[in-house]
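Visitor: Here is what each chain is made of, one letter per residue.
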Amino acid sequence: MTDVNGVELTVFVLFFAAVTAVGFAAARWRRAETLMHLDEWGLGGRNFGTFVTWFLLGGDLYSAYTFVAVPSAVFAGGAMGFWAVPYGAIAYPIVFLIGPRLWSVAHRHGYVTAADFVRGRYGSRTLGLAVALTGILAMMPYIALQLVGIQAVLTVMGVTGSGWARDLPLFAAFALLAAYTFTSGLRAPALISFVKDAMIYLVIIVAIVYIPTRLGGWDRIFDTAGTALARPNPATGRPSGSLVTTDMTHWAYGTLALGSSLALFIYPHTVTGALAAGRRDVIRRNAALLPAYSLLLGLLALLGYMALAHPGVVAAVKEAKNPQLAVPELFDQVFPDWFAGVAFAAIGVGALVPAAIMSIAASNLFTRNVYTAFLRPDATPAEETRVSRLVSLLVKVGALVFVLGFDKSLAINLQLLGGIWVVQTFPAIAVGLYTRWLDRWGLLAGWAAGMAYGTITAYGTSSPTQEHFGSPLAAIPVVGHTGYIALTAFALNIAVAVAVTAVLRALRVPAGEDATSEDDYTADAGDRPPAPEDPGRPLAGRPVA
Amino acid sequence: MSDTSPARTPAFRKIAAGVLLVVPFAVYLAVPSYAKESPRVAGFPFFYWWQLLWVVLTGACIGAAHLLTRNRGAAK
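Protein sequences, first through last, are from chains A and B. Start counting the first sequence at -7; every next residue gets the next number (our numbering). Start counting the second sequence at 95; every next residue gets the next number (our numbering).
Calculated from the structure, these hints are not laboratory results. Model, not experiment: these values are computed from the prediction. Certain hints may be false.
[To be verified] Quick partial rundown of chain A residues pointing at chain B, CB under 7 Å, derived from the structure:
(1) 8
(2) 81
(3) 118
(4) 245
[Said to hold, decoys possible] So these bits of chain A aren't anywhere near chain B, every CB distance computed over 12 Å:
(5) 284
(6) 366
(7) 396
(8) 437
(9) 444
(10) 496
Glycine is no exception: its CB is placed at the ideal position from the N, C-alpha and C atoms.
Please build the complete structure, drawing on both the sequences and the hints.
Guide: Written out as structure tokens, the structure reads:
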């Protein structure tokens, strides 16, 4: 792995250059009068149709996570890593239930973030701040995961070095990303996601059809992988995994899927993608169409088994001691150089698109719910956009801290850590879309309890390579099985929120002002009210005509 | 556009849609029910083809729920 593969690298760099050009040109796509408004820079003009939204949300949700983290989890642990498939399926009934309502109320009131909604719904800047900070925090490890994906590809292509030079190409890729996100806003990832998905679909179809013929068919792939997983690990003396889940892992499998599916739609980058849609029906249709990507994710996950069934790949991964390299190594060893280059470019671009949307989402949260809400209540839309653009750069620096500071042996844990935090905003956002019964202070207390429990428990888990934050799983109190910490913390969150709400109601504590009304949640495009209904506290940057 | 309120959707349609949306959870969270290797289909152990099949069926369930609760304004 010391020699740079010239063909692969050339193809990779060519695609990267093309995508960067598209990113800068995107500023002119569906051009608006000005980009200096969060509706434009941060939400791409809020008028994307079903087709663009499908690509944008797909580009959002299926990232280096899908291409590198999930297959490497399957490679390392077998069936346990496949939980991402049920997650990718059951998340969409939830999207179908909460997505259209969030879109409608955000459309009516000009909300840019989920925290804007929470602030308007509960009349509480503090609760909005809690939701916003949680979202920003949860974005960091997720962006870091994208960096890990690019790093894996660069490593396999032989772009390695020591010290500073080793991370330089990664920094260069991210600097480019930062530059076109800065100039084009959400239009850049939206336009690039077409290129990205075309490449990913091509690569995955070729991989699924071609690689099994090289490895002796699916039967043999599963059999070889099963044998390899059953072999005791020399370090622990236990098998590293199995082909189907066991009595020990059923609970972990189910809770990982359920906990992650609760998180999917309230992640700030998903909300950003959804609010950029132009009509309510766009969200409803996409809830039914997006599972197509989950099928892709499932097939990609099986690349982990193909890697396990290929002796050359297993040897290379073992030598590098990095399971993240499983899929890139597989492509490198099985495909001709030029096509491996295309595949690596697909992974690289597939990591940059979501990273761009995530940094936009995090900076929108900061601008709307920290800066405008607390520091400069009378900030103009242009000023908001200036702040957002600058913060989008800072967010990427924050993600680098996660990359450098965390164990990369199982990158999927980065995403699961983000999930533990973001699920704690589910009661305020998703439950709040249906009922205002929960009190704002109850929600805040529940959030605090869930965050504290989740973070402390995750901190206390260790893995062979890492003393803290080693695993997303811990024993569930009372139940007695091992499960995803996010779901346990969420149950605690709900219990505290309900209990505190009941007490506050009994004491008749004022519930605060609700800026939304019932028919806001079913409104569609064109249903904007003629006059601002809340002139004292304009949440919308856009002047209501 | 005053007909876009979901209150216009008949109750039985809403219930049917609700059931369709719950089915994928019931299928996927019953992990032990599909944690087995046989029967294999095209080399895929049951665990894998069953879950992949249900990804498609989940999309179909949501699509059906969408059609059941869709409002087409005054035309309907």
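Visitor: Against this structure, judge whether each hint is valid.
Guide: Verification of the supplied hints:
1. Against a cut-off of 7 Å between C-beta atoms, the interface hint on residue 8 of chain A is violated, since the closest Cβ of chain B lies about 31 Å away.
2. For residue 81 of chain A, the interface hint holds, since its Cβ comes within 7 Å of a Cβ in chain B; the closest pair sits about 4 Å apart.
3. Hint status for residue 118 of chain A relative to chain B: violated, with the closest Cβ pair at about 32 Å, above 7 Å.
4. Proximity of residue 245 of chain A to chain B holds as hinted, the smallest CB-CB distance being about 5 Å (cut-off 7 Å).
5. Interface exclusion of residue 284 of chain A from chain B breaks down, the closest Cβ pair being 7 Å apart, not more than 12 Å.
6. Every CB of chain B is more than 12 Å from the CB of residue 366 of chain A (nearest about 36 Å), matching its label as outside the interface.
7. For residue 396 of chain A, the shortest C-beta to C-beta distance to chain B comes to about 36 Å, beyond the 12 Å cut-off, and the non-interface label holds.
8. Distance to chain B confirms residue 437 of chain A as a non-interface residue, since its nearest Cβ pair spans about 28 Å, more than 12 Å.
9. Chain B leaves residue 444 of chain A outside its interface by the beta-carbon criterion, the shortest separation being 27 Å against a cut-off of 12 Å.
10. Listed as outside the interface, residue 496 of chain A is consistent with that label: its C-beta sits roughly 30 Å from the nearest C-beta of chain B, beyond the 12 Å cut-off.
In terms of the numbered hints stated before, the structure departs from hints 1, 3, 5, listed from lowest to highest.
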